[in-house]
Structure formats: C-alpha cells, structure tokens
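Q: Listed below, chain by chain, are the residues.
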Amino acid sequence: MTTINGPLATRRLILQGAASVALIGLGNLPFGAQPARAAANDKYPEEAFKQKSEADAIKALYGKTAEPSDKVKLDAPEIAENGGVVPIAVSTTLDKVTSISLFVAENPNALAASYKIPDGTIPSVANRLKMAKTTNVVAIVESDGKLYSATKEVKVTVGGCGG
Amino acid sequence: MASTIRVRATANGDITEVLALIQHPMDSGFVKDSKGELIPAHFIQELKFEHNGKDVFVADWGPAVSKDPYVKFSFKGAKKGDELNISWVDNKGASDATTAKIS
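The listed protein sequences derive, respectively, from chains A and B.
Each step along the first sequence adds one to the number in UniProt numbering, with nothing skipped, and position 106 is 106.
Each step along the second sequence adds one to the number in UniProt numbering, with nothing skipped, and position 55 is 55.
If we strip away everything but chain B, and leave its shape as in the complex, we get (with noise of 0.2 Å):
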C-alpha cells in the first residue's frame, strides 16, 4: 500500500526544510453524516519526525488540523544523503511510518 505520508525534505546549507503532507480524514466528532449521524472524532495525535536517532520535530495534534495535514519545518545539523523517519499515530491506534532522504 502507498504510504499516506509524502514527505520532501532539502537540505540548503546547514538548514533543512521539511514540507509534509499527510492522507487522513481528521474526522473532528462535530460532523454529522448524510444520515445525521456524527461521524466519530478520528484524528491524528502525535506526529514525529527523526534524525540520527533524535526528535527533531514533534507534532501533537487535536481534531482542528485540516483534513489531509500538512506541515513545514526546518532544522539544522542535517545533510543531503541522511534519512529523515517519520510516523504517527492516531486516536484509534493506527499508525504509519515512511523515511524519506534529504536531498
């Protein structure tokens, strides 16, 4: 299955710059279906970034991201050629995980 995490990390300089986009629905329990059900709150909770072993960046998030997040970030001590890990786990215990490559 494609990964529902797309990633483009660039390194420029000491500086790398992480654009991410996630495919989740972030369902916030506020939306009532066409039956007039409320959908079930199902959302993203943590979202963390990895390099050499260390966070670089962590994300904790409520149901009011955008459906379909997406995310900017820069951190320095990276090069082009390193991996970036990145995953996350949402409200209902699913989860997905991708390395993407600096370049």
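Extracted from the complex, chain A is given alone in its bound form (with noise of 0.2 Å):
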C-alpha cells in the first residue's frame, strides 16, 4: 500500500465529498417516477405487517420513503400506563389523501394499523395501539402519491405485547 501524503489526502477527501452531493442530488429523480403502490391496493399487505423495523415496514408498504411534516397531527399521550392500550389519534390537512399508516418503532413488528382513506373520508382516525415500550410512534399520511410523516416519543410504564 502506498502511504497518502498530506495534498493528496486532501483531493481525495474533496473528491468524495463532491462524489456525495452528486449522489444526493439524484437521489431525488428516482422516486418521483416511482408508481404509488400497496396502500392504493385492496389486498392486505402481509408482508409489511412482517417487517421488523419500521423503515423496512414503510418500504414493503408504500416503496418509497416519507419526510416529516407538520401538516400531519399525531395525536398520543407523554405517558402510556398501560402499554396495552394507548389511544393514538392521526389527522391531516393535506389534500387528497389515500391513506393513513401508524408504526411503533419498536415492538416486534412495527407497522401497527393502516387505514385507506377513500374520497370523501376524513383523513382522520383514532384507534388504540400495543406498545412493547417507550419508543417512537410513527404516522404515515399518503397524500397525492407521497408520505408525510410525524413522530412522537410515548413513555410505555407497562408494556403492552402482554396485550
């Protein structure tokens, strides 16, 4: 191996860094041309409430990643004393919403519920939710072909996997 001088080390480190915004740049192009899918689907999405992890639950059901939003309105409390019953509440004001996903980070699988919003529904829901834990609960709004998201910490004292 040829030992990297100072200069060199120097171009080599401004050349990655050019190579990675080039690379963030066209990471955008590829999902705008990407089909909204699953959720606009009326089978039910097995494989996504198999997913472990919550970014992997979001790819096997939408295919495509989601930006935070503060459009979307999480509705959960600080502290959950029973983690077998937490009332999560999700509403919108995005326009043309087809659907409405809910996630918790960490229980053993985390896609949690999700709701299609037909035209003419409110996209609003309540319903109660499992939590194995204190950890994050995600909502997922499908608007116009894209996610949005919003995210909020809930304090699990006893956790709800008991059911």
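Any given hint could be a false lead.
Said to hold, decoys possible - Think about it this way: if two alpha-carbon atoms lie no more than 35 Å apart in a straight line, the pair counts; the simulated DSBU-like pairs of lysine-lysine are:
id, chain 1, residue 1, chain 2, residue 2
1, A, Lys50, B, Lys67
2, B, Lys67, B, Lys54
3, A, Lys155, B, Lys101
4, B, Lys67, A, Lys64
5, A, Lys43, A, Lys146
6, A, Lys71, B, Lys72
7, B, Lys72, B, Lys48
8, A, Lys146, B, Lys48
9, A, Lys43, B, Lys76
10, A, Lys59, A, Lys73
11, A, Lys152, A, Lys64
12, B, Lys101, A, Lys64
13, A, Lys155, B, Lys72
Just so you know, the hints here were simulated from the structure itself, not pulled from any lab data.
Quick one: dock chain against chain with the hints and give me the complex.
A: Set out below in structure tokens:
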C-alpha cells in the first residue's frame, strides 16, 4: 500500500465530498417516477406487517420514504401507563389523502395499522394500539402519491405486548 | 349470537362520524399463557365499512392493535337513515358483519 501524504489526502477528500453531493442530488429523481403501490391495493399487506423495523415496514408498504411534515397531526399521550391500550389519533390538513398508517418503532413488528381513506372520507382516524416499551410512534399520511410523517415518543410504564 | 361489532354512526350535516367497537382477543402471538406456552396470534386483519355499495373506510390491522379494538373516523355523503355495512375478517378466517343505521 502507498502512504498518502498531505495534499493528496486532501484532494481525495474533496473528490469524495463532491461525489456524495452528486449522489444526493440524483437520489431524489427516481422516487418521483415510482408508481404509488401497496396502500392503493385492496389486498392485505402481509409482507409489510412481517417487517421488524419501521423503515423496512414503510418500504414494504409504500415502496418509498416519507418526509416529516407539520401538516400531519399525531395525537398520542406523553406517558402511557398501560402499553396494552395506547390511544392514538392522526389527522391531517393535507389534500388528496389516500391512506394513513401507524408504526410503533420498537414493537416486534413495527407496522400496527394501515387505513385506506377513499374519496369523501375525512383524513382523520383514532384507534388504540399496543406498545412493547417506550418508543416512537410514527404516523404516515399518503397524500397525492407522496408520504408525510409525524413522530412522537410515548413513554410506556408497563409494556403492552402482554396484551 | 350477539354481534361482535358495536357501531354508532351519527350524521351531522354532510359529515357522518362513525365509532366502532369490536370484541376480539387480538392475540399478538408474543404472549404466554399460564402454562408458559405461547398463545398463537389471533387478530383481525381487515375491517371494512361500506355505504351505498362503496367502501368508505378500510382498516388493515396487525396484532399491535389493542384487544377489543376501537376505531373512529368520519366520512361525507351519507344522511340520517342510511345504512352502513361493517365487516371484519381475522387471520384464522373467522369473520363477522353487521349493519348499522346512521342516526
């Protein structure tokens, strides 16, 4: 192996930097071109419910990533005494909403529930979920083919995978 | 047998608010019984609300939804006296359905 001296190393770093900037710039392009899937289907998204991590579950369900948005309102308690019954509500001011999904980051399987919102249905839903421990609850709203998310940490006193 | 589904649908102008409460164990498959054996997963997978032959709300659920699940949503286009059909199917193939009158 050759030893890298000062000026060369600097040049390499600059090149690497430029390369990653280029990658980030290009990265946005393919996403827009991808067709909306899964949530628009009528089938039960079995694969998405089997994924362990929240990121994998979002990918399996929608095939794309979400960006945080303050137009998604996630209503969850600061502290849930009983992780078996955590009231969670999601609403949004976004237009053309087609689905709303809820993920609990550190549950054995992150995806908890996914709701299809047909035309004429108000994009707002309330339900109760189980939480294994203190972790983030993530709400994803699919609006006009794009994903928007809101995240809130809920402290769980007694884990709820005991049901 | 009494239905497992209890629904209240209230029309307020153009918007109908629906509250549904379903009796179901929603076993996650991670819980052990008193003998230390795992209780197999048993949960509702799909819950559907239909008004005038059109789906107004469809829920896909995993085992992380609480026991005896509750859900609330609202939709437009229904009026007092209309019927709302509700049905669910669980992962063992069991199902139930009911019809509620919007009040």
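Q: None of the hints should be skipped; say for each whether it holds.
A: Here is how each hint holds up against the structure:
no. : hint                : verdict
1   : A:Lys50 x B:Lys67   : holds, 19 Å
2   : B:Lys67 x B:Lys54   : holds, 28 Å
3   : A:Lys155 x B:Lys101 : violated, 39 Å
4   : B:Lys67 x A:Lys64   : holds, 31 Å
5   : A:Lys43 x A:Lys146  : holds, 20 Å
6   : A:Lys71 x B:Lys72   : holds, 20 Å
7   : B:Lys72 x B:Lys48   : holds, 13 Å
8   : A:Lys146 x B:Lys48  : holds, 24 Å
9   : A:Lys43 x B:Lys76   : holds, 24 Å
10  : A:Lys59 x A:Lys73   : holds, 22 Å
11  : A:Lys152 x A:Lys64  : holds, 21 Å
12  : B:Lys101 x A:Lys64  : violated, 39 Å
13  : A:Lys155 x B:Lys72  : holds, 24 Å
The structure fails to meet hints 3 and 12 from the earlier list, while all remaining hints are met.
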